Every structure is written in structure tokens, then in C-alpha cells.
Amino acid sequence: MSKQSDLKKQYKKRGQMAEAWGRMKTQPLAVISLVIVLIMVFVAIFADILVPYSAAVTQHGMDKLLPPFTSGHILGTDNFGRDILARIIHGTRTALEIGVISAGASIIISTILACLCATVGGWLDNIIMRVIDVISCIPSLVMALAICAALGNGIPQLVFALFFTGIPMHTKMVRSVALGVANMDYVESAVALGAKQKYIMYKHMVPNLASVIIINGTAQVSMNIMMGATLGFVGLGVKAPTPEWGTMLAEGLNYMLRNQYMVMVPGIVLAIAALFINSLGDCLRDALDPQLKGRA
Amino acid sequence: MLKYVIKRIIMVPFLLIAIAAFVFILLNLSAADPVLMMMPSEYTQEDYDATAKEFGLDKSKPEQFVNWVVDAVQLDFGTSYKSKAPVSDEVLFRVPVSLKLALITTLIMIAIGVPMGVMCAVKQYSVYDNIVNVLSKFLASIPGFWLGLMLIIVFSVDLGWVPSHGMNGFKSWILPVFTFLLPYLGNYVRQVRSAMLDCIRQDYVRTSRAKGQKESVVIFHDTLKNALLPIITLTGGTFASMIGGAVMIEQVFAFPGIGLKVLEGINNRDMPVILACTMILALFTIGAQLIIDILYAVVDPRIRSTFSKKKKDNTPKLATEGGIK
Amino acid sequence: MGEKLLEIKDYSVTFTSDKVDFYAVNHVNLTVEKGEALGLVGETGAGKTTTALSIMGLLSKYGTKTDGEIWFDGKQLTGMKEKDYRKIRGKHISMIFQDPMTSLNPVFPVGNQIADVIKIHNPKMNQNDVNSKVDEIMKMVGISAERKFDYPHQFSGGMKQRIVIAIAIACNPELLIADEPTTALDVTIQAQVIKMMRQLQQELNSSVILITHDLGIVANFCDKVAIMYGGEIVESGTLEDIFDKSLPHHPYTIGLFNSLPNIAEKTERLKPILGLTPHPSELPQGCKFHPRCPECLDKCKSGDIPSLYTDGTHCIQCHLYHKEDA
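Chains as they are written, first to last, in the numbering used here: chain A, 1 to 296; chain B, 1 to 325; chain C, 1 to 326.
Be a bit skeptical, because a hint or two may be false.
Which stretches of chain C does chain B cover? Using the computed rule of at least three CB atoms under 8 Å from a CB of chain B, they are [to be verified]:
| # | region |
| --- | --- |
| 1 | 91 to 105 |
| 2 | 114 to 122 |
| 3 | 279 to 289 |
Hints are computed from structural coordinates only; laboratory data are not their basis. The structure displayed is predicted, hence computed values, not measured ones. C-beta: ideal position from N, C-alpha, C; glycine also.
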């Protein structure tokens, strides 16, 4: 019957992600954010093709402290005569590297921890949660500073510091979602119907956790980029000649009064990056969880 | 209720010792030998041993830690590796500065953020709501320390209205407080809005309207009292993260608070200073959490009655961990 | 009886969300006379609650379009200023909501919530009088006055519903709208609550609109019945008109009665109405019931269906009973 096929079409099974994408497409802000984030990713991947690395690090020009929009240097040059645009481009790579790797790692580890807490429960849950309680009493910036100080400068050390500081919050959040889902009526009814553990994990846990993970992960990336820059600004984290937005800011500090663009440019780039990654995260949340739309 | 609070307060010292142990282990991960760092370029083994003995660094690590705890209980946080002065003298007088900075900022944030967030929720999807929404997203994305630099350029250097650094007089607080406030305010307004929206759609709000209640009373009395619970969590959480964020603000404005000192300690690998400062910051966080819990019980009668029977973990929906969304 | 208290004339409500229109209520006409109990019967999504909220003036303004008029006691409610409307809500018209669990504010003692409505409409009353009035009302709904300092979470569902009712009747309203007041309650509690409401209605001599999908409660409580389907009133009349099986009925009404288990007849199976309630965004053309109607005619599928059968108080909107000469 035609009616039946109509119904079938109407209820055609669509994946969670496909549906979310369908919702996202219609939001101009989401599309803009996505495009800008993709541009950032593109710049980060092809940084070497866009500008040679040496231009950003070692190639010291004769023209020092040129203001922006001078011929050959759109964003001007710094106190060593290095092209600021080149440093920004390679800084994008550094920032994304730091942000994505550290956020990704802490998401993976904390999801594993949270799932252990939620499924095994008991003493394991107790121990993990108590340790996390202790750690989360230390302000995350202070902890990242301390770790960087203990481990020394360098990108891997910075990534580890950010990875570690991100764990407590995620573990708490993922655990509460996992426990919440486990207590939902529909999971109970699935258990009552004799569904296998594997089925419940796949059918109910994963989709619920996936949205939390994606949303928090995006937020964490922008937070880590920001915190990485903060650490760079105070001289911890990334080592000096490496192009990084925070260290660029710190270098500009001495020239702040007469060459304001040296502070202005990296700050604005950092703000734009944070703004659009955050905004992408918000749009993802709206798309993945339409019930929450327009709330937070 | 009282029992619960006392129980929590009794737990605080144990929590602090655990935190201290954690920080101690963390700082000892560093391969650098602190005694070596204090030595002049040329030294004899006797000098080395003497210095090690003076700072108690000749003992084993666990012994060092136990000694530190015993001293810390008497408010003696050891001697700074760098300045050789007692840490408590260097640190304790800074506590009120940082606390004042965070408290003033929090109060202004509540005073501005709550009414703004409530208005956004009441006028959801209006032009006002959209403007505030975009503005707060924007504010939340600005790096605090960079905003501080920009404000210094405009208001201290160009206009000369307020001092750019240091702490002398009322005027010197203006820039730090605003730099501190603005990035947090963005998130705060949006979260107050969402807390309010959650409540505004509830049936009891409709009941209140059906009574013939004035809209202003419906919003500010009946709805806001329910939204207070998440707002308290939010405010407490923001306060706690401000305590950490103060590091940057104090650095940018050369403000003599705990944050500046901890940064100094970290740069000098000065362990007693770092430990003392971290302990104080952690104590702030724990204190904020305790106040949140007590306020919860004051606001919500449901929690008041569960407090006497159950532990906090048994009310996961109301615990703070679910509140961040 | 005979004096009109509430009159709804050709009233429609359309919600718009994401550019889709939801036709929740379509050209409804209703009258309620003083002291009368009207039962508004229909499935979930038939537009009963929307109609009730329209009378209270509590529909959300965002994305809502209304058309038609509502008159109450000689005053037009539609288009009334919010300030004047507030004086009617709670005092002259009040409403009992469906879910007592969520209808009470969890952070205030129940006594305060009852006192609120008294204070709003009697601003000059002193606190002592308010308190004694609260005690009196709590006694009326069968809750001891000592419990007025308790919070909603300390009450059971049935007790909460009594408090919701207490709030609704606190100012002796002329019209009481009860939106499925017993749906969320146990059957035994349902009977108690209905009995209590019946008593209160007689004591206060107020009119009641009882929204329900339970024909048993209607038979117990109401003088008049209106059956709603797809946002329209398909049949209305006195209790006798609707419940008398020898009279003609709308096929939907017949379906409703067939879905009830009957003690007198020994049938193996119930006869449910086939199909599903149409979604308010995709109402069918013509008679809203025609896709599910066992006696559907060609002309049912398009055009307006006027009230084609009228017999005194009884009114059916269906082509089946169309008399050429009428």
C-alpha cells in the first residue's frame, strides 16, 4: 500500500549525526563557525605550503617593527623583523596541535575512567571520584602552571599539563551522564526486555555519551588553546622561537606602547579562534540535542 | 543539617592534606635538585649539605612531606628557597587582596548578570536577547590577560584615567576588576538565562499566573527562587575558577595577590611558596563549595530534608557536578 | 439556570513553530451557563487544554494566533488588557491543572501558595484574616490546617491535587476549569477527588468545565457534554443527549463508547477506533474524522461540515444526519 511506503519514507532511519547535520545546515551561524574553523584547520595543515617555517622562526629580516599593511608584510613585522602573518599562520598550527591533542587525550582517558566508574561502581568508583575531588580543588590554571614548571618547557610538556587538568571535569560530567542514562526508564525497559549489555551500550549509552563528548570536546579545545596561550604568555609552556600566539603576545609586551599591533594581532586571532570554536560547540549542542536549543 | 556541615568541615583538613600530598608529588616530578638551584656557581660539598640540612632537604621525601604538614598546621609554611624568608610572612598578607578582588568581581557579576540573564529568559528570542547572547559569547572568548593589556593601553596610557599597575587606592582596582569581570560575565549571563528558562517553562509558573499574580512577581519571586539553585552553583563555580584566574590578572596589573606570588614561586621553582599558595587557593575553593552546599539547603526545602538523612552523593541531580551544561 | 456565564464564539488557535502551523483549535463554539458543569471530552491532542488556557488567557504569545471571541459574564476576554485580565484570573475564573506533581511551586510552603491567591485579590485583607481563610479552605479540601507549613514534596499526589484545588477555589470563582484533574492519580484517589469537587461545586454554586477523556467521570459529574476531535467540537448536548444510545450520534462519539468495556454486554473484544489522532499540523480536509470514520461519505472529504443535526440542545457536526429539508 502506498500509505505504508509513505510512512516508511517518513520514518526512514537516519543516523544521529546525519540528523544533527541536517539541523545544523539551516543555521547561518553554525555554517559560518564551521567554515572559519575549517579554514583554521586548513591553515594549520598547510602552514608549510602557505609560508615556509623559516620565515616564521629564523628568517630575521632587515625591516624590524614594520606596522601592518606595509608592502610585503600584511600584518607587519616584529622586533626581530619576522613576518607576523607567517608567525600567526604557524602559530595556528601550534595552537590547534596543542588544543586538539590535549583535549582529545583528556576526553578519551576521562571517558574510559567515567565508564569504569559508572559500570563497575563500588570501590573503584569511590577511589576515582575521591582522587578527582582532591584534584579539582586546585584551580586548573595553577595546576597547569605547576605541571609545566615541574616538567619544563616544550610542546609535549604543555600538552600533558593541559591533558591532565582537563580530566577531572570531563570525568565528572561523563560519569553523571552515563549514570543518568543508566537510570533512564528506557534503559530499564531494555534491561527488562532482556537486552544484552552490548546492545544497551551501543543503542543507548553511545549516542547519549557521544553528544556530551563532542560538545565538551569542542569546548575543551578552545579552552586549552586559550590556556596554552596563557601559559606561553607567562613564559611557561612553548619555548621562545616557536611561533605561538601567547609567546607572541609576551614578546609584544615590551613594544606595547609604540607598536600596539604586536599585542593586538595575536590577541585578536586568539579571540576569534576561541569565539568560533565555542560557537561551533554551541551549534553542535543545539543540533545534537534539539531539546536544549536556545537555552544555554 | 548542622550535622552535615560539621561533617564537611571535619573533612576539610584531610582534603587539604591530600591536596598537599598531590602537589608535593607533582612538584617532585621535576628532575632539578632544589638544593643545587640555591647554590652559587662554585660550592663545596659542605655548603651543599649545610643548605640541604637548613631546608630539611637532606631527609627522605616522605619525611619532608610529614615535616611540612606538621609545620603547616602551625601556620609555618617553611622558608622560601629564593628569598630565604619565612613563606607565611610573604604569603599570608596577600590573602585579603586576592579574596577582595574575587569577591568584588563576583558581587558585581551577580548584580549585573542575574538581572540581565533573567531579562533574556523573559524576552527569549527578542532583539535584546539576541544582542546579549552575541555580546556574551564574544566576551567569553576574549583572553582575560589580553583584555587587560588593551584596557591598560586605552584607559591608562592613552587617557590616563586610572593607574596601569600596582595597588594604591580605589582607582587602581577599577581596571583589574573589569578585566576580571568581563570574560566571566559573558558565560554567567548565558547560564543564568538557561537556568531561568528551565524554570520559566514549569507548570508552577503557569499556576502562579493562573492565580492572577503580577508578571513581575511571577518572574522575580516565584520563578527566580527556583532558579536560584543552579544560579548558586554557577556563582560558586565561577568564584572558584576566578581564584585560579586571578593569577593572570594579578600578573598583568602587578597586583600583589596570591596569584602573583604563586607565579613567582613557579618561575623560581620555589616549592614552599608554591605549596603554600596552592593550599590557600584550594582552601578558597573548598570554602566556596561549602557555602554553596549550605545555601542550597537554605533555598531548597527538598534538599533540607534529604540532608539530614542522606549523603550528598545520593542526590546526583542536585549535586554540582551535573550543573555545568 | 439559563444565564450565560461563558460564551466562546467561533474561536480558533494556531501555533506556528519552525514555519509549520499547528491548528490546535478550530472554530469552536461553546457556552457555559451559571452553576452548570460542562464536560469537554476528547483524546490527547484534541485541543481541550488549549481551549482551557485560552479562557484563562494563558496561551504563550510567542508564535500563537487566535481568532474569534470569548465572553465571560458580559465582558469580552479576548483582547482584554493584561492588567484587567489578572483581576479575573484566580478570582472569577480559575483552573485546576493536570499534573499536581509539577503544578505546585516546590520552594514555598503550601499555605503560602494558597494565601497568595487570596492576597492578590484581597489586597486590603489583614494577615490574620488571610490565615484563617487559608485554614478554612484547607479544611474544605480535606487537609488539616496544621500542614500548611509543609512543602509540596512532603505530600502525596492526591494531597497535592487537593491543594491545587484549594488554590483554585480560594476566591470562590464563578467558573472553575478542571483540566484532567484526576489523570495523574490512582483510581481510588480519583473517586475521592471527583466526589470532593462535586461537593465543592454545589457548595460554591460555581460553573465547571471538566476536561477529561474519561466518560465515566463525565457521567458522574456533568450536566452538559461537548466532544472534541481535531480541534473541533463534533458533538455537544446535555448528558442525556450524549449518553442515550437511541439518539443519533457522531461516529466518533459512537467509537468512544464502543471503546469502553461494558458490563451488561458480553463482548469478547472491545471495539476501538481504528487509526490515530491526526497531528494538528496535518489535519485532513473536510471532516477531521473522515480518515478513521467507518461511515465516511465522499462529501465528508472536503469542504466545511456545518452542524447538520440539531435537536434542541443536541448538536452533531456530521453529514450522516443531514436532512435535505432542514
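Comparing the hints with the structure gives:
For the region 91 to 105 of chain C, the assignment as covered by chain B holds, since 9 residues bring a beta-carbon within under 8 Å of that chain's beta-carbons and 3 suffice. For the region 114 to 122 of chain C, the proposed coverage by chain B is satisfied: 4 residues have a C-beta within less than 8 Å of a C-beta in that chain, meeting the threshold of three. For the region 279 to 289 of chain C, the stated coverage by chain B is not satisfied: 0 residues place a CB nearer than 8 Å to a CB of that chain, which falls below the threshold of 3.
Taken one by one, the earlier hints fail for this structure only at number 3.
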